[in-house]
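Asks: Take a look at the letters that make up each chain.
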Amino acid sequence: MEERMFLLGDEAVAQAALDAGVSGCYAYPGTPSTEILEYVRASAQAAEAGVVREWSANEKTAVEAALGMSYAGKRAMVCMKHVGLNVAADPFMNAAITGVNGGLLVVVADDPSMHSSQNEQDSRYYGHFAQIPVLEPASQQEAYDMVREGFDLSERFGVPVLVRLVTRLSHSRSAVVRRERLPQRPLKLPGDPKQFILLPSIARERYRRLLADRPLFVEEAHREEGYNQYLPAAESRTGVIATGLAYNYLRENFPGRLPFHLLKVSFYPLPVRMIEEMFGEVDEVIVLEEGYPYVEEQLLGIPPRRHPRIRGRLDGTLPRDGELNPWLVGKALGRNLPEPEEVPGVAVGRPPSFCPGCGHIDVYNALNEALEPYGPGRVFSDIGCYTMGALPPYNAINTCVDMGASITMAVGAADAGLVPSVAVIGDSTFTHSGMTGLLDAANKRSPVTLIISDNDATAMTGGQPPSGLGKIEQICLGLGVEKEHVRTIIPLRKYHEENVKVMKEEIAYKGVSVIVARRECIRLVAARKCNKK
Amino acid sequence: MEKKMKTDIILAGVGGQGILSIAAVIGLAAVKETLFIKQSEIHGMSQQGGEVYSHLRLSDAPVHSDMIPLGEADLILAVEPLEGLRYLPYLKKEGWLISNTAPVKNIADYPDPERIYGEIRRRPHHLLLDAAALAREAGSAKAANMVMLGAASPFIQVKEDHLLEAIRALFSRKGEEVVETNIRAFRAGKEAAMKKR
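First to last, the sequence lines map onto chains A and B.
Everything in the first sequence is counted per my numbering, starting at 1 for the first residue and increasing by one.
Everything in the second sequence is counted per my numbering, starting at 1 for the first residue and increasing by one.
With the rest of the complex left out, here is chain A (with noise of 0.2 Å):
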């Protein structure tokens, strides 16, 4: 009998990867894709594998161990936020030249509309700038079938695949059947050992071979019963592109027989002979698809194409920004829906915050109190919990941009005679990208004072444990910050005074110093009894 699972798209893409024989997985904890790696880590199938499933410390650590799995032999996938993909582009992009050994799955989580994001990048522009095949499944069973055949196309194709998840599927449940679970590969090097040495004649050679293996790709994309389908409508001069999560939007508007002709789109590169077949059909065709709009701007053309007409993000048939709904393509496709009701005045909004108890808001409050002198503007940070420092009452930094921005910005600051500089990042922030930064600040002897806030957990994501638990002060001094200005405070109430002293001591000091404020995140504290119980 098929076994029905009730599992979360993230879920779905774990348990593909277990089931299809994967030997190791990696990632770095970021929303929407966290739980794919928190799925194989809890699973008992993946430990009696004994696959490999270990946080790493950034994306690019993570896509690499990858690439290094893929080299031996065997299946590996590597998951991360949209934005983490930005951190791993170097190996992301080098591995389409290099190509695979085992199959490599490199799976995004996108953040459309920002629920937890700096940005909402597409990463379906990412496949196409590696120029290899990218999967964009639009429910729960897609992606577990996706993955699944992800690593046969990936080892077919002997490139990596993107597998392309929004927030909305990453984070909802639904019914899964699974398949039959495949062995894992045998350790086995590439049939041609210069295959990833990129030296320029190599690397020459090999991204020729990429070039030349798109039409197959092409190929794929009309596969016949494959991931995109064309259903043509006799009578309509209308034609629907949906691709991944819109389709679903488009169904839930249209449940029976379709009006249009419709292009479903899970597979990239485009199928481009079933959008010419329909363009030969219609006098215009509606784009959706969540996230940028990829696949208009690839059809309007410059110039803008007068036959048929395309209409989507760019022409205001849908915003420009922001997640799609089952609203928004109703009204793009014509239908009558009435405007929803508004949200009545009195329902004001609750920004997330602390929680009682955080040692951030003991950091802030003894750094505003310790920067009160020099006036305002002057904190750079990161992204973690303690970027709710911005929020009041604290309102005690000025920047969050990107992970490990926080260091060298302060640096650059002080450069322009910004002086003095501070930085504020987590502990897990700081071995992610923080390091090499401070690197920089040690050999220069810049005035800045860092403020690692070390809560010992990766706590924005769920407090997983951060990869330099233990080492901080460790890593600090051994990239060059003097002894005598690492420090160590307690960030509690009752510690307040000799905090703020502490830190107008560092803040005054004209090189680089480093206070790590530790106290374990109140969360886990609080987990840890509660399971005591």
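Derived by calculation from the structure, the hints in this document are not laboratory data.
We put the beta carbon where it would ideally sit given N, CA and C, even for glycine.
Incorrect hints may have been included.
[Unchecked claim] No farther apart than 25 Å at their CA atoms in a straight line, the calculated lysine to aspartate or glutamate pairs in the DMTMM-like style are these:
| id | chain 1 | residue 1 | chain 2 | residue 2 |
| --- | --- | --- | --- | --- |
| 1 | B | Lys6 | A | Glu341 |
| 2 | A | Lys188 | A | Glu54 |
| 3 | A | Lys331 | B | Glu94 |
| 4 | B | Lys159 | A | Glu3 |
[Claimed, not checked] Pulled from the structure, derived: some chain A residues nowhere near chain B, Cβ distances all over 12 Å:
| id | residue |
| --- | --- |
| 5 | Ala89 |
| 6 | Asn228 |
| 7 | Leu231 |
| 8 | Glu235 |
| 9 | Ser236 |
| 10 | Arg309 |
| 11 | Gly417 |
[Stated by the list, open to error] Label pairs and their computed distance ranges (CB to CB):
| id | chain 1 | residue 1 | chain 2 | residue 2 | range |
| --- | --- | --- | --- | --- | --- |
| 12 | B | Asp130 | A | Ala234 | 58 to 64 Å |
| 13 | B | Gly16 | A | Glu498 | 28 to 34 Å |
| 14 | B | Gly16 | A | Gly301 | 48 to 54 Å |
| 15 | B | Glu165 | A | Leu524 | 28 to 34 Å |
| 16 | B | Gln157 | A | Glu54 | 42 to 48 Å |
| 17 | A | Lys529 | B | Asp130 | 25 to 31 Å |
Add chain B to chain A, keeping to what the hints say.
Replies: Leaving out everything else, chain B in the frame of chain A:
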């Protein structure tokens, strides 16, 4: 295939109130009845003491969108009164708003609760109950989420036995006492709702 029977529910509350536990119980029960189901959750930054919500869609035909379309929810189940109002654009005109009266005042500009209750009472179909008090009577203030689930149970197309079984399955890890408290809370919520309807 047209949908024959469907229940679209929005669960609303504040991080830590057990919104996702309600979703898990209904999900487990629905799977037993071979209904089609999709349930979306909000994770991440929005969890830190902020708004938490879940869209739960049950149907005897395949469910397409993970999100409930605006204006089509049958029921909003609010474990916190202000949070229920936030999702009114999703509620059908004749849909039910079932809300706890106990506010979570973790923001400085929390409005006068009477104004919130006023908005709730404007709905043609609403139900207000003090889930916090009922939960305490049942044995634990933490069980307010199960009181609310009990209150909503007559509106949800899954059998009560299956809901109770799911509560047992979900809380069994925490011991028999916790299971019984949650079941008492569920029953108290249901009873209160039946009296008020």
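Asks: The structure should be examined with respect to each hint, and the outcome stated for every one.
Replies: Okay, the hints, checked on the actual structure:
Restraint check for Lys6(B) and Glu341(A): the C-alpha separation of about 22 Å stays at or below 25 Å, so the hint holds. Restraint check for Lys188(A) and Glu54(A): satisfied, since their Cα atoms lie roughly 23 Å apart, inside the 25 Å limit. Between the alpha carbons of Lys331(A) and Glu94(B) the distance comes to roughly 22 Å, so the proposed pair stays at or under 25 Å and holds. Using a Cα cut-off of 25 Å, the hinted pair Lys159(B) and Glu3(A) holds, with the two alpha carbons roughly 23 Å apart.
For Ala89(A), the requirement that its beta carbon stay farther than 12 Å from each beta carbon of chain B is met, with the minimum near 23 Å. Distance check for Asn228(A) against chain B: the nearest CB is about 19 Å away, which clears 12 Å, and the non-interface claim stands. Against chain B, the non-interface label of Leu231(A) holds: every CB pair exceeds 12 Å, the least being about 16 Å. Its beta-carbon lying about 21 Å from the closest one in chain B, Glu235(A) satisfies the requirement of being farther than 12 Å from that chain.
At the 12 Å boundary, the C-beta of Ser236(A) stays outside the reach of chain B, the nearest C-beta of that chain being 20 Å off. Against chain B, the non-interface label of Arg309(A) holds: every CB pair exceeds 12 Å, the least being about 27 Å. No Cβ of chain B approaches the Cβ of Gly417(A) within 12 Å, the least distance being about 34 Å, so the stated non-interface status holds. For the pair Asp130(B) and Ala234(A), the beta carbons lie near 60 Å from each other, so the given range of 58 to 64 Å is met.
About 32 Å separates the C-beta atoms of Gly16(B) and Glu498(A), a value consistent with the hinted range of 28 to 34 Å. For the pair Gly16(B) and Gly301(A), the supplied restraint of 48 to 54 Å holds, since their beta-carbon distance comes to about 52 Å. The hinted range of 28 to 34 Å is satisfied by Glu165(B) and Leu524(A), whose Cβ atoms lie roughly 32 Å apart. At about 43 Å, the CB distance of Gln157(B) to Glu54(A) agrees with the hint of 42 to 48 Å.
Here the CB-CB span from Lys529(A) to Asp130(B) is close to 29 Å, well matched to the stated 25 to 31 Å.
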